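So the chains spell out like this:
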Amino acid sequence: MDTASRGGSVKKASPLLFNPADYFTFVLDQEIRSIGHPGGYCGFALELAEQPDLERLQQRLDLLVENFPIASALIEPQGKRYAWVPTGQRIMLECHQCQPGEQAQQIQLAILNRQESLPLTLHWISSGTGGTLLLNWNHPLLDARGVKIVLDFLASDRPESFKESPSLVEAKLAQWSFWKKCRLFVKAKLHNREVNSLDSSLPTQEEQGPQTLQLKVRNFSEEESRQIAKLAQQHTGVAGRTLYYLGCFMRAMEQVGPPVAKAGYCIPYAFNLRRQNAPTPVFGNHVGCLFARAARDQVQNRQGLFEHLLAQYKQVVRDELDLAYLPLMWLGQWLSPARYAKILRKQHSGGELSSLWFSDIGDLSWGKKGFLGSPVTGMSLLCWMTLPPGLALLVGQLDGRLTLSYNYLSPAVDETWLDAVIAQMDVELLVEA
Amino acid sequence: MKEKLKAFIFSELIYHEDPASFGDDADLLEAGLDSLGIMRLIMFAEKEFGVTLPDTEIEPDNVNSLNALEKWIRQAGAGQ
Chain A
1 MDTASRGGSV
11 KKASPLLFNP
21 ADYFTFVLDQ
31 EIRSIGHPGG
41 YCGFALELAE
51 QPDLERLQQR
61 LDLLVENFPI
71 ASALIEPQGK
81 RYAWVPTGQR
91 IMLECHQCQP
101 GEQAQQIQLA
111 ILNRQESLPL
121 TLHWISSGTG
131 GTLLLNWNHP
141 LLDARGVKIV
151 LDFLASDRPE
161 SFKESPSLVE
171 AKLAQWSFWK
181 KCRLFVKAKL
191 HNREVNSLDS
201 SLPTQEEQGP
211 QTLQLKVRNF
221 SEEESRQIAK
231 LAQQHTGVAG
241 RTLYYLGCFM
251 RAMEQVGPPV
261 AKAGYCIPYA
271 FNLRRQNAPT
281 PVFGNHVGCL
291 FARAARDQVQ
301 NRQGLFEHLL
311 AQYKQVVRDE
321 LDLAYLPLMW
331 LGQWLSPARY
341 AKILRKQHSG
351 GELSSLWFSD
361 IGDLSWGKKG
371 FLGSPVTGMS
381 LLCWMTLPPG
391 LALLVGQLDG
401 RLTLSYNYLS
411 PAVDETWLDA
421 VIAQMDVELL
431 VEA
Chain B
434 MKEKLKAFIF
444 SELIYHEDPA
454 SFGDDADLLE
464 AGLDSLGIMR
474 LIMFAEKEFG
484 VTLPDTEIEP
494 DNVNSLNALE
504 KWIRQAGAGQ
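As you go down the protein sequences, you meet chains A and B in turn.
Start counting the first sequence at 1; every next residue gets the next number (the numbering used here).
Start counting the second sequence at 434; every next residue gets the next number (the numbering used here).
No wet-lab data here; the hints were simulated from the structure.
Please read these numbers as outputs of a predicted model, since none were measured by experiment.
Quick reminder that beta carbons are idealized off the backbone N, C-alpha and C, glycines included.
Any given hint might turn out to be false.
Here are some chain B residues the structure puts well away from chain A; computed CB gaps all over 10 Å [to be verified]:
(1) LEU438
(2) LYS439
(3) HIS449
(4) ALA453
(5) GLY456
(6) GLY465
(7) SER468
(8) VAL496
Here are the simulated lysine-lysine pairs, BS3-like style, with alpha carbons at most 25 Å apart [stated by the list, open to error]:
(9) LYS148(A) with LYS369(A)
(10) LYS504(B) with LYS172(A)
(11) LYS504(B) with LYS314(A)
(12) LYS480(B) with LYS181(A)
(13) LYS314(A) with LYS435(B)
(14) LYS314(A) with LYS437(B)
(15) LYS480(B) with LYS187(A)
(16) LYS435(B) with LYS172(A)
(17) LYS439(B) with LYS172(A)
(18) LYS504(B) with LYS342(A)
(19) LYS437(B) with LYS180(A)
(20) LYS480(B) with LYS189(A)
(21) LYS314(A) with LYS480(B)
(22) LYS439(B) with LYS314(A)
(23) LYS180(A) with LYS480(B)
Isolated chain B, as found in the complex:
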C-alpha cells in the first residue's frame, strides 16, 4: 500500500530529487503537500483501496506521513 501511495504522491503531487530516500515517517506537509493535493491523495486512496475516508478525519495527523496515511486507510477497512 505504501509503495502505491508513494508512487502517486511523487509522480503527481510533490517533486523530490530522490523519492526512494523519502522516509515513511518523513513529513509530507513540509515536503509541499498542499490542501488541494491532500484531497486528490484522499480520492486516489479511496478509489485504489476501496475505502471511504470520512471528512471529519481529514486531519494533519492522518496525512502528514506515509505511515500515518497507511494506518488511517487500514483503519477505514482496507485490506480486511
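Next comes chain A alone, as it looks inside the complex:
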C-alpha cells in the first residue's frame, strides 16, 4: 500500500450533533464493535476501465474536507447525545496494487476487515490498465445515497454546487404537530410489537470466536436484468421491484433450509427521505425503517408471497408506518446504545429480529463521461452487519445490469449453504411463473 501521511490539517469546525437516523446507525455500529469487529463500515466499489487522475482525486478529497469538515470528523459524546467533531485532518487517497494472481476483491475485503479510526477513506486498487475505486465509510456518517453524492462531488466539474442542508428526518418531524408525533409513535410501538411476534429464521446461530467479512458478488447480464425487471413487474407491479428481490430471497433461503428455522422471515430495509437525484443533503443519514415479513407457509407459495408483500407494503404506507418510525427514532436518541440496540434487535422470544440485512440502492449510471473520464464497468457493495444474522444482501443496478453483493461473516455463515442459497436466488429471480 502506498499511503501518504494521514496528517495535515485543513480547518476545524464546530461539532455536529447526530440526527436521529445517524444515532440509529451508530447504535448498530456499536453492536458490531462490541464483539471485536471494526464497526458499521460499508464499501462502495466502482470498477474503472482506466486509472483516473489520482492527483485530481486527492485535490477533490481536500476540497471535500474543506467544504464538509464532517468528512474527517470523529465521534464524541456530547451530554447524553453524540456528535461529529471535525478534526480538520486530510483524507489521503490510499493506493494499492494487485499482485499477480490477486483479485481486487481481496484487497477490498482486507480494507473492510481492518480496524479503522477514520469515518471515510478512499482507495485506488490498481489492476492491469484499470482498477477499482473503493469508498469505505462508517454508516453513522452518511447513507448509501449520500455516498453516490460524494462520488459525484469527487468527479464533478461544479463541486461548488454541492451544499449541505439540514437533516431530513428532523425537517419531517418539525412539520408535524405534537399530537401527530404522539399518534405516529403509538402506531410504531404497536407495529413493533406485531413485527416482534413472528420469530425470525436466521442464516446462522449466534457464534463466538473471530469472524471475517467475506463477499460474493453475482453480476447479471443486461438481458438477465431485463428479464428480472419484467418478472418483478409481473409479480409485484412496477411499484414493487425491491419487494421482488426480498420475496425471492425469502424463498431461496426457505428452499435451501434456514440454519436456524423459526416461524418466518423478517427483513428490515431503509426508506430514504432523500429525493431521487437530489444533490443535497450530502452527509448524514436520512432514512426510516420498513420491514418485509412473511410466515414460512406464506413463503411456500410464490405468487401468494409476492401478493402478501405488496399488500403489506401498501398497508404500511397507507397507515403511515413508514413515517411512524421517525418519532420513535427521535426518542431513541436519549437511550444508551446498548438499551436502544436491544429494542432494535431483540424479539419477544429473545431471538434476533433480522433474518438478513438488506439495501437496494436502485439504478446508477455514470453515463458516457464515466468517473473522471474513466468508463465504469462494474460495481459491488460491502457492509458489516451484526451477528446474527451475519449476512447482508446489497442490491444495485449499474447501467441496467443488476448486481447482488452478498456480504457474510465467516465462519459463522456456512459458505456451502450460502452458495446453495445464491444459486436458488438466481432461479427464483429468473423463473417464469
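Chain A is fixed; fit chain B onto it per the hints.
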C-alpha cells in the same frame, strides 16, 4: 389535480432543478421515480382524491407521466 400531484412528487420523491419546467408528458420514471416512490405516490393520490387505484393497474403506462397519472386517477372515479 396535476398541480397537487406535481407538488407532492417534486417535494417528496424526485429532485428537479426547475419543477415548473417539467412537462405534463415528461417521463417520471426516467426522472428518477423508483418503485417505493411509486407506491407512496399512489397512496398519496388515493388519500388526496378519494379513489382506490387497483394493484392490477399499477403499470408503467399509468404512472410514467403527470398526464398518465391524472387520466388513471380520473378513470378510478376522482372528480365524479
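Numbers of unmet hints, in rising order: Result: hints 3, 6, 7, 8, 10, 18 break, sorted rising.
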